[in-house]
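Visitor: Counting along the sequence shown from 1, when you hit position 162 you're at 156 in the numbering used here, and nothing is skipped either side.
Don't take every hint at face value.
[What the hints assert, rightly or not] Derived SDA-like pairs (lysine to any residue); straight-line CA-CA distance at most 20 Å:
#1 LYS129 <-> TYR10
#2 LYS163 <-> GLU31
#3 LYS49 <-> ARG94
#4 LYS163 <-> GLU47
#5 LYS49 <-> VAL90
#6 LYS49 <-> GLN38
#7 LYS(-1) <-> HIS149
#8 LYS49 <-> ILE36
#9 LYS49 <-> GLU97
#10 LYS49 <-> LEU154
#11 LYS49 <-> LEU156
#12 LYS8 <-> MET19
#13 LYS8 <-> HIS152
Calculated from the structure, these hints are not laboratory results. All figures in this text were calculated on a predicted structure; none of them were measured in a lab.
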Amino acid sequence: MNQLKSDDYPAIYKEYIESVTEPIMDELAQQLQAFPEFVRSIPQHLGSYSYAEGKWTIKETLCHILDAERIMAYRALRFARNDMTALASFEQDEFVAYARHNERSFESIIEEFVALRQANILLFDTFNEGELNRKGMASDRLISVQAFLYIIAGHMNHHLTLLRSRYLKDNDTNNQKHLHVV
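Could you build all of it, start to finish, from the sequences and the hints given here?
Guide: Here you go:
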């Protein structure tokens, strides 16, 4: 797989892409193992925890990662298959608001992620260099198929960092008076 060039993706995704430190397919496979372990390490009672008013809960954040991966993989598939139809953006807050994520168990989130990531890895493995280098318009931005793979991995890295630093770092599970549970 070729290295990404700056014209393969819009600057808005730079942070995500730069967080990928392994070859992309290795990072996606590593996350397939690490994400379930991370989710299982979260105490059950914190699933509906939000660190501030108006912020997503832990379960909402985890499910947002899945929604975004599904959308980015769909975009990659469309462009890889040479469908150059400009694709609209998605409103992440609306997706979260209407999804009932807090009703889900951590295990159901893990199960969905594993199936989704396995399917996406199989799909991405079918793309050749020409397909990976194809570009299309998504959210009014020109982007390559290969960039979507990095965005998927980097988006997860971004949100897991936020979960660790804002939701779980200072969370004393024995002292719940500071928790904001939705």
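Visitor: Does each hint hold? Answer for all of them.
Guide: Consistency of the hints with the structure:
1. LYS129 <-> TYR10: Since the Cα atoms of LYS129 and TYR10 sit roughly 18 Å apart, the hinted pair holds (cutoff 20 Å).
2. LYS163 <-> GLU31: Measuring from Cα to Cα gives roughly 17 Å; hence the hint holds.
3. LYS49 <-> ARG94: Roughly 15 Å between the alpha carbons, so the hint for LYS49 and ARG94 holds.
4. LYS163 <-> GLU47: 18 Å, holds
5. LYS49 <-> VAL90: Status holds; Cα separation ~11 Å.
6. LYS49 <-> GLN38: 19 Å, holds
7. LYS(-1) <-> HIS149: The hint holds at about 18 Å.
8. LYS49 <-> ILE36: The given pair, whose Cα atoms are some 18 Å apart, holds under the 20 Å limit.
9. LYS49 <-> GLU97: 17 Å, holds
10. LYS49 <-> LEU154: The hint holds at about 15 Å.
11. LYS49 <-> LEU156: 12 Å, holds
12. LYS8 <-> MET19: With Cα atoms ~18 Å apart, LYS8 and MET19 stay inside 20 Å; holds.
13. LYS8 <-> HIS152: 11 Å, holds
When the structure is compared with the earlier hints, no violation turns up for any of them.
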